[in-house]
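J.: Based on the sequences and whatever the hints tell you, model everything.
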Amino acid sequence: MIEVSEESEMTENTEELEVKERLKLIETMISEGRRTTESWGWTFVLWGVAYYVAIAWSILGHNSWAWVITMAATWLLMMAIIWRKTKRQTEKKPPTRAGRSITAIWTAMGISMMMLFPAMGLSGRFTPQMFVAVAGAMLGTAHATSGMILKWKAQMASAVVWWAASAIACFANNTQCTIVFLLATFFSQIVFGIYAMICDARRNKQEASHA
Amino acid sequence: MPELPELNPVIHGKLRLALLSLLVGVDEAEFTWLRAKTGSTDGNLGAQLLKLEEAGYLAVEKKFVQRKPQSIYRITEAGRAALAEYVQALKQLLGGAI
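Protein chains in written order, with this note's numbering: chain U, 3 to 213; chain P, 365 to 462.
Rather than coming from a laboratory, the hints here were simulated on the basis of the structure.
Some hints here could point you the wrong way.
[What the hints assert, rightly or not] Below are the BS3-like pairs computed for lysine-lysine, each with C-alpha atoms no more than 30 Å apart in a straight line: (1) P:Lys401 with U:Lys22; (2) P:Lys455 with P:Lys378; (3) P:Lys378 with U:Lys94; (4) U:Lys26 with P:Lys401; (5) U:Lys89 with P:Lys426; (6) U:Lys89 with P:Lys427; (7) P:Lys427 with U:Lys87; (8) P:Lys401 with U:Lys153; (9) U:Lys95 with P:Lys432; (10) U:Lys89 with P:Lys401; (11) P:Lys432 with U:Lys87; (12) P:Lys455 with U:Lys22; (13) U:Lys95 with P:Lys427; (14) P:Lys378 with U:Lys22; (15) P:Lys415 with U:Lys95; (16) U:Lys207 with U:Lys94; (17) P:Lys415 with U:Lys94; (18) U:Lys26 with P:Lys378; (19) P:Lys455 with U:Lys153; (20) P:Lys432 with U:Lys94; (21) P:Lys426 with U:Lys95; (22) U:Lys26 with P:Lys455; (23) U:Lys22 with P:Lys415.
[What the hints assert, rightly or not] Footprint (simulated), chain P over chain U, 3 or more residues, beta carbon under 8 Å: (24) 17-28; (25) 95-107.
Don't be surprised by glycine CBs; every beta carbon is placed ideally from N, CA and C.
T.: Structure representation (structure tokens):
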């Protein structure tokens with residue numbers, strides 16, 4: 003009798019372990035699939051540095067085309083890096099709904115900026131206050147949407163910084179506006195981008211050690 | 365005594381379960397990516413994918429990209445539903461019956 007009971011208990015434990023193992027397998031594989039979103043940390047750093055270059059060039063060089071040229075050159079450079087990275091990839095990462103959504107948000111925001119700011123400049127209605135307020139609101143929205151999709155608090159924090167910069171710009175003079183923009187760029191683009199790159203590197207290292 | 369839920373035998377195979385779980389998180393995936401993620405051999409992977417395809421849980425698209433053959437797999441609605449039912453059954457087993 004005891005033997006039967008022990009055997010039955012053992013079978014139950016084995017079955018429980020088997021079920022738990024299967025649930026764990028499902029969970030691991032689903033997160034493995036979702037973890038295929040491309041690494042984009044470097045783009046935040048690139049655009050952050052580009053904003054600094056454009057500001058420095060426009061102030062020190064007194065060049066009204068500084069922003070247009072720097073932004074166009076940065077876009078071309080980004081495309082070239084993406085093309086090179088894609089070509090080098092040995093294993094093509096599958097597209098995910100989250101990845102597509104995030105790409106759509108940033109692409110739409112980029113197009114909006116490329117359309118709006120040169121038009122504002124050409125029409126003579128460009129002011130530093132309006133630029134920082136609009137750019138800050140757009141960047142805040144894009145960061146927040148991405149952060150919500152990825153459930154990433156660091157990106158939500160970047161959104162808050164941009165939103166704050168956008169609101170402050172409405173009350174600031176030209177110099178204060180530039181300082182606010184430089185600070186927001188530093189924290190929400192450069193620092194956040196470097197942090198994202200560190201997270202990617204850590205994840206890749208972990209994946210390599212698991213393989 | 366509550367009746368134990370039956371586990372879908374098509375999904376119950378570990379590799380097939382891993383494949384469906386991988387595909388539920390992505391839009392579509394190439395054969396080579398699935399092979400890398402599961403660490404299985406070409407033959408075994410092909411056979412298991414075929415079983416899932418025959419059950420209507422996967423859809424496959426075969427094409428040539430730069431003269432190289434490429435098989436792209438997608439999970440179907442039936443596949444999603446079957447995986448959800450399977451997970452539910454496992455939870456039920458874990459929750460009360462075992």
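J.: The structure should be examined with respect to each hint, and the outcome stated for every one.
T.: Okay, the hints, checked on the actual structure:
| no. | hint | verdict |
| --- | --- | --- |
| 1 | P:Lys401 with U:Lys22 | holds, 21 Å |
| 2 | P:Lys455 with P:Lys378 | holds, 17 Å |
| 3 | P:Lys378 with U:Lys94 | holds, 24 Å |
| 4 | U:Lys26 with P:Lys401 | holds, 15 Å |
| 5 | U:Lys89 with P:Lys426 | holds, 22 Å |
| 6 | U:Lys89 with P:Lys427 | holds, 19 Å |
| 7 | P:Lys427 with U:Lys87 | holds, 23 Å |
| 8 | P:Lys401 with U:Lys153 | holds, 24 Å |
| 9 | U:Lys95 with P:Lys432 | holds, 17 Å |
| 10 | U:Lys89 with P:Lys401 | holds, 21 Å |
| 11 | P:Lys432 with U:Lys87 | holds, 20 Å |
| 12 | P:Lys455 with U:Lys22 | holds, 9 Å |
| 13 | U:Lys95 with P:Lys427 | holds, 17 Å |
| 14 | P:Lys378 with U:Lys22 | holds, 13 Å |
| 15 | P:Lys415 with U:Lys95 | holds, 24 Å |
| 16 | U:Lys207 with U:Lys94 | holds, 19 Å |
| 17 | P:Lys415 with U:Lys94 | holds, 24 Å |
| 18 | U:Lys26 with P:Lys378 | holds, 12 Å |
| 19 | P:Lys455 with U:Lys153 | holds, 26 Å |
| 20 | P:Lys432 with U:Lys94 | holds, 14 Å |
| 21 | P:Lys426 with U:Lys95 | holds, 17 Å |
| 22 | U:Lys26 with P:Lys455 | holds, 12 Å |
| 23 | U:Lys22 with P:Lys415 | holds, 24 Å |
| 24 | 17-28 | holds (count 8) |
| 25 | 95-107 | holds (count 6) |
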